[in-house]
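With the hints as constraints, model all of the structure from the sequences given.
For what it's worth, the working numbering labels the leading residue of the sequence shown as 87, then goes sequentially.
Think of the hints as simulated: they come from the structure by calculation, not from any bench.
Incorrect hints may have been included.
Stated by the list, open to error - In silico lysine-lysine, BS3-like type, Cα no more than 30 Å apart, as pairs: (1) Lys102 x Lys172; (2) Lys172 x Lys592; (3) Lys592 x Lys102; (4) Lys460 x Lys366.
Values in this document were obtained by computation on a predicted structure and should not be read as measured data.
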Amino acid sequence: MTVENDPYARSSQEFKDPPRDFRSTLRHLGPGMILVGSIVGSGELIMTTKLGAVAGFVLLWFVLLSCLIKVVVQAELTRHTISSGKTFLTVFNALPGPAVQRPVWLAIPWMSIVTVVSVVVVILFVNLPETLLTWSTRVLILAGAVVIIVVAAFLIQAYHNHARPRATSAQRPRINWFTWLWLSSLLLTFVNSGAILGGAGQAIELAFPDFMPGGARAWSVVVAIATAALLLSGTYASLEKTFIIMVATFTLMTVASTVLIQWTGYAVTWDDVVGGLSGKMPGPVTTTLILAALAMYAGTGVAYGEMKTYTYWCVEKGYARYIGENQPGEEWARRARGWIRVMYTDVLITMVVYTISTVCFYMLGAAILFANGKDPDGVKTLATLGEIYTESLGSWSAMLFIVGAFFVLFSTVVAGAAGNSRLLADGLTVMGIADPRDYRSRLRFIRIFIIVSLVLYSVAYWLFENPPQMLLITSSLIAALMYPIIGLGVLYLRHCDVDPRIVPGKLTTVWLWICGIALTVISPIGILSALAIQFGWIAIGP
87 MTVENDPYAR SSQEFKDPPR DFRSTLRHLG PGMILVGSIV GSGELIMTTK
137 LGAVAGFVLL WFVLLSCLIK VVVQAELTRH TISSGKTFLT VFNALPGPAV
187 QRPVWLAIPW MSIVTVVSVV VVILFVNLPE TLLTWSTRVL ILAGAVVIIV
237 VAAFLIQAYH NHARPRATSA QRPRINWFTW LWLSSLLLTF VNSGAILGGA
287 GQAIELAFPD FMPGGARAWS VVVAIATAAL LLSGTYASLE KTFIIMVATF
337 TLMTVASTVL IQWTGYAVTW DDVVGGLSGK MPGPVTTTLI LAALAMYAGT
387 GVAYGEMKTY TYWCVEKGYA RYIGENQPGE EWARRARGWI RVMYTDVLIT
437 MVVYTISTVC FYMLGAAILF ANGKDPDGVK TLATLGEIYT ESLGSWSAML
487 FIVGAFFVLF STVVAGAAGN SRLLADGLTV MGIADPRDYR SRLRFIRIFI
537 IVSLVLYSVA YWLFENPPQM LLITSSLIAA LMYPIIGLGV LYLRHCDVDP
587 RIVPGKLTTV WLWICGIALT VISPIGILSA LAIQFGWIAI GP
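Below, the structure written as structure tokens:
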């Protein structure tokens with residue numbers, strides 16, 4: 087495939103000058119709308135509203151902090167990828183630290199076996215009766231899984247040595263600690279996305295109760311099939327247009343609901359807002375409250391997953407190719423700075439959209455659900471969330487909410503599957519399993535991983551069937567594990583691996599340091615505090 091058709095390839099002869107004015111810049115925006123489509127369903131509709139329901143207005147400051155501190159990290163990460171022409175995984179696979187040559191057994195067959203074995207283990211843990219699920223049984227199941235995985239690795243190694251005795255190790259690139267960690271966290275990502283798929287299934291079940299045997303579980307499979315059909319037949323441009331419509335419609339509906347509650351018994355007062363911005367913690371602080379806050383923090387603003395996938399959407403939009411291959415002189419630097427400015431505009435406009443939407447969701451949850459003592463959870467999650475609309479707009483809005491909730495959750499499923507499939511396909515190129523210069527091969531793997539991801543999403547929801555709890559656990563763990571790495575990693579890139587002609591200004595650098603350190607410490611402190619409270623080591627609040 088030619089360079090002209092491959093957005094991941096660059097040439098010194100192919101480039102495009104950046105727009106010179108704001109109006110022209112607007113025509114080149116778009117990746118952020120896919121990002122918002124991914125954020126709204128998980129972080130905003132479910133977890134932000136849930137946090138408002140359990141904490142009231144007092145954590146409004148933390149919601150705003152969550153939206154604001156990740157923006158510059160996201161933008162500076164993307165600055166590096168679109169200016170260097172390297173993908174996110176390629177960049178982070180080159181971070182300093184331990185690295186080993188990819189083992190022969192680390193290939194698609196072994197990863198497939200690990201996935202199947204992991205799913206079987208989870209199925210056993212979820213479905214075995216409590217009387218049978220003793221500690222010895224748990225150890226036996228886990229030991230059996232480890233044995234199968236290790237034996238599979240040995241067999242694949244032996245087959246490779248027999249089939250390709252003269253193959254050189256030079257064909258296998260080095261894989262650093264981050265790539266291993268990313269591979270290890272994939273199952274958490276699938277469970278996290280399964281929660282959103284299940285939420286979309288619950289929305290359809292609300293619209294057509296008892297229509298299909300299996301309820302929301304069965305509908306989630308239908309949603310997965312519809313998502314696959316859309317992604318396998320669509321392009322980046324069609325995705326962008328679809329998300330703009332979905333996000334705009336539901337965001338306007340949410341803002342309208344927030345305004346209209348001012349004429350009901352749930353009106354938000356100035357004291358509520360001031361109290362929410364005071365920086366205080368609700369009391370008493372419980373483990374559940376901290377995990378809910380961390381899950382909101384992990385899923386709102388720009389989540390870890392969106393930080394990664396945004397870099398790919400910017401590449402597919404053409405920003406990296408428009409900059410062209412790095413050349414000496416001022417011409418390339420001028421072009422790079424221009425397209426980085428376009429990217430920053432996209433990031434900032436996106437931030438305004440999701441911050442407004444996030445604050446509205448939080449206020450609706452705090453004003454209505456907290457006041458009524460309602461906590462969205464389990465199979466009734468969407469039904470409970472619907473009350474923030476029926477209480478503010480009236481009972482007639484129930485169907486409007488169902489339609490809106492479905493589309494916003496559906497948009498998150500679509501964006502998540504599209505983004506994850508690109509990451510997985512790129513992972514194969516980083517590990518030397520696929521050729522990074524073969525765009526047809528990349529597209530083929532993207533399509534395969536779309537199907538694989540959606541199957542695993544469906545299995546995850548079928549097993550757990552509780553979107554808030556699925557998000558609560560996986561989002562908190564992912565945030566504690568990955569946010570520190572992203573924060574410190576982007577700081578390293580800023581000072582050690584960026585072209586000196588396009589370094590960010592002093593103000594941006596200072597803000598990057600503040601936000602990078604905040605990302606590094608907030609999640610681990612939250613997890614440690616939750617554990618300390620759970621074991622009775624500390625108590626926070628009255």
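| field | Index of numbered hints that the structure contradicts, given in increasing order | value | none
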